[in-house]
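In order, the protein sequence lines correspond to chains C and P. Position in the first sequence (from 1) plus 67 gives the number in this note's numbering. Position in the second sequence (from 1) plus 19 gives the number in this note's numbering.
I should point out that these hints are in silico values taken from the structure, not numbers from a laboratory. Hints may be right or wrong, so weigh each one.
Capping the alpha-carbon separation at 20 Å, the derived lysine to aspartate or glutamate pairs in EDC-like fashion look like this [as the list claims (entries may be wrong)]:
no., chain 1, residue 1, chain 2, residue 2
1, C, 261, P, 233
2, C, 261, P, 25
3, P, 68, C, 101
4, P, 74, C, 255
All figures in this text were calculated on a predicted structure; none of them were measured in a lab.
If you want the building blocks of each chain, they are given just below.
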Amino acid sequence: MEKFIKLTSTVVPLPIENVDTDQIIPARYLKATDKEGFGNYLFADWRYNKDGSPKADFVLNDSTYKGSILVAGKNFGSGSSREHAAWAIAGYGFKVIVSSFFADIFRNNALNNGILPVVVSPEFLNEIFKCVFENPETTLTVDLENQTITNNATGRSETFEINSYKKECLLNGFDDIDYLLSKKDLIEAYEAKKENF
Amino acid sequence: MKTLFDKIWDDHVVSTIENGPTQLYIDRHYVHEVTSPQAFNGLRARGLKVFRPEKTVLTADHNIPTLHQDKPVKDPISRNQLETFTRNATEFNLPYFFPMGHPKNGIVHIIGPENGFTQPGMTIVCGDSHTSTHGAFGAIAFGIGTSEVEMVLATQCILQTRPKTMRITFKGKLNKGVTAKDLALFMILKLTTGGATGYFVEYAGEAIENMSMEERMTVCNLSIEMGARGGMIAPDETTFAYVKDREFAPKGKEWEKKLAYWKTLKTDEGAHFDKEYEFNAEEIQPMITYGTNPGMGISITESIPTIDEVNEASRVSFLKALNYMGFQPGEKLLGKSIDYVFLGSCTNGRIEDFRAFANFVKGKKKADNVTAWLVPGSWKVEQQIREEGLLDILQEAGFEVRQPGCSACLAMNDDKIPAGKYAVSTSNRNFEGRQGPGARTILAGPLVAAAAAITGKIADPREFM
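With these hints in hand, go ahead and build the complete structure from the sequences.
Structure representation (structure tokens):
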């Protein structure tokens, strides 16, 4: 997994609530057996017309907005457990998602793919949207080490939560499987104990 | 004093990382063809085997056709995914593999319980958010991503942060014509689609205790639709009677031992929940949804909220949803013409759902303007439909029964609702495009679906009972 330490970028605003994983990547794109290429289908039904041409009014097709930070309305990633949603977001090139609320499974999937979900207050979120719509060159700085996010247009900062284990994983590019494989002895001891139970 | 959740969780802790997640042991891992190929690739890349093959159960369900399953799958990409699934099961020597057409094949959350793989007190995971279904047995069951599927295949463990606990109590009895699905849609309406995020829910109260196992599975299945990782119900005599004698359930002395343990699995008097809700089951009416998430529900006789009734921050999303659905704020839906009816899915694809639907349509005729897809959740359900004579009743009324699979619930296969058409669906999600690009989904229970199939409209099933 790629390391994540600190990032400053312009943002792509998506001020919609309850963006579910069927919107992030519709089920008909889940037939692949590898993790590549999902970025092309990110938000497919909002992004493309039936004939495959881009829909002009969707933000990913608007060259005004670009960057590696996606900012979305509350309850982002609700719905299915499909990790394809995280692969699509990573594949498109986003490294951070900012929202006031994330669905549980999606948040784990994002973290397991080196994408940092940053939870901010609803006020801070609204301010980002306002700044970005006024000036698309607005940047945010996300600092994982210090757990801060800064709106560089206003200078306002917030701290965000992440458990220290996941933080270490992202800072160092480790994943959970590396950790679990190092604990095989504990797993076998647990199984032996349970047999006798 | 512990909750049911605490008891099972604590029994499965292998280790705890300071200020981090818990290493949790998993008793049962269900695997399907769509969220597993990349996990098996990961094992290969690391040179690993499946750590505990006998705890792993595989079935093809999400991406299989519901007609002509005896013939090769037409879509080459789907066929490749199914062949990859078979190759993985073979290469990794997994004994419980139920490919398309196998007598034990079906939707993962239906075949698990019906074969006795799902038991009280277990930790159960699957790369599917509706794994919460298995919580009906008094198990900790939750959906996981593919990276986590790989973790469980490799180590039979997962790293999880301990969730908070919530109890939702339903006092009183459900009225006639009101199903478990209605109760669940009512609850999601009250809590909203993210209202239980971060929590594991225990369902309790008279209305829950009175439910059959299949009804309990419907309720637990929909826990994820209010954001909860899982929902669970304390096992009782109803649970034990269901599990007993199933093929993979414990037998003889082992059964006695397990049963004694299962009887301890209930929340202690006075145990603490982080959040509690209480509802009166008698207030619940048959429900439908009008929007594009399962929290956008109303009683079938009510009107869609007006714009003033929606809080300001949510108005843009509310109007976007109504625009997609082709509905107006404040509109009544009763009597609206519909095009499709879908009976099936891990939410409502069990034999009791088919009994309810068949009993309702018995002696009536399907409306001409309705295309109905009736998809059993498994081959066992399909067989039971035949054996109980339900197939004759359904055919008499103008319905056909298709072959098992997830089907139009997520429309990965050819079972797609056309753009702009209205589908009354017993499945679990009414997201934009969920049942096909542009499809308009109205979620409901099997009785509302049956009433819609007969009248061609959104209709109150109680008027026919």
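Exercise for review: Could you check the structure against the hints above and give me the numbers of any it violates, in ascending order?
Suggested key: Number 1 only.
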